[in-house]
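Chains A and B, in that order, give the protein sequences.
Residue 133 in the numbering used here sits at position 133 of the first sequence; the count goes up by one each step and never skips.
So the mapping is simple: the numbering used here equals the position in the second sequence, first residue as 1, plus 144.
Derived by calculation from the structure, the hints in this document are not laboratory data.
What you are looking at is a predicted structure, and each value in this text was computed from that prediction instead of being measured.
Built from N, CA and C at the ideal position, the CB exists for glycine as well.
Hints are not guaranteed to be accurate.
Said to hold, decoys possible - Which chain A residues face chain B? A few, computed with CB under 7 Å, are given here:
#1 R107
#2 E113
#3 Y134
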Amino acid sequence: MLNVGKIEEGFVLDHIAAGKSLSIYEHLQLDKLDCTVAIIKNARSNKKGKKDILKVECDINTLDLDVLAYIDHNITVNVIKNGEIVEKKDLVLPKQIKNVIRCHNPRCITSIEQELPHIFYLADPEKEIYRCKYCEEKYTEGAK
Amino acid sequence: MRHLMSPLDFSTEELDKLFDLANDIEHNPEKYAHACDGKILATCFYEPSTRTRLSFESAMTRLGGRVIGFSDAASSSASKGESVSDTIRIISCYSDICAMRHPKEGAPMVAAEKSWIPVINAGDGGHQHPTQTLTDLLTIRSIRGKLDNFTIGLCGDLKFGRTVHSLINALVRYSNIRFIFISPEELKVPDYITDMLREKDIPYEEVIRLEDVMPHLDILYMTRVQKERFFNEEDYVRLKDFYILNTVKMALAKKDMLVLHPLPRVNEISVEVDEDPRAAYFRQAQYGVYVRMALILTLLELA
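With the sequences and hints as input, model every part of the structure.
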């Protein structure tokens, strides 16, 4: 059994679908932060059999976690201060996401305009539909 | 500062004000002949669209303003690789308002984000063409006197026709509108539109033959059925006559029905219909100038 020590301040992202932790590491741009990060892959889980866990030691105001709701709502976000869990955050789908997903519509201006961010807005919270801000094309996961 | 990206950018109350102004321009053109003295409209057309461009140019000229611009991407700095964001910053230095047509969807919105002057979307790919929709609404309102309580038939290519989708989205904001969609199976209105109508409890029906519904229509909005949209030649030959409006079909219609068409027409309306007083498509082009005049005045805050 692998042991990773407690963190003083930061986040523990639990119940990440097994194998998805690296993609979350990228989406949260943790490579750009000068902080300690533990990536635990395929940890034992009573609920899911296997899960990933990310432990991030950082100032709790530095990370924008809204994007996690888009990636997977089942992730549990534990906020840690002084070594204790002070809050379990509920993930809410962000109204807007920037440069997380890309517009795949070849007719969209994002396909040619230099350094234009790929911005999507939440068009239907019930069906979890995001549309490109510019061409309004619905984002579909498979259309890459 | 406001821009116009989609016909839904204006509330129905704001549209009423815009259309009142357009009608005042229609009846008192001399009152507005110098309203834009000293102002410059830039027409930035990255793809050719002579009708829309001339309509904008006519609108600004009739207001006493001047027009600069380009009419295709080859004659603009886009051919040297300049971005839309950079071009609009330059255009903002040269003019007071800009009408932009671009083959890429969302390009006018990128321009609006960086612009110091109002930007009007003059058509962006298959996405939006708001001044066409405003033209359609003004034509209906001016001739019928209201934008509610009627049955509108939309005929032709309802799958790819952006003017049709845009008009439907604009009309659902008014009360007691009933839609009849007349098209071949291959060119039916997309599901997201019928889903939206069901959700809002707005009545609609879908039919194949124009004759079957002619007597029920208050407005008939014609669009072109292009041969290349069909899967095979046989279907095209079998169906094409269903969507050609002629005097025989017009005889089935109400005496005060209006025929609209975004133009250009190819052969979907027989020229014999042009003389029928119910044919409103050339008047529609005239209303296109009035609504653009009203829009320019409104966005320049000169109204």
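Checklist entry - Any of the earlier hints contradicted here, and which numbers? => result none
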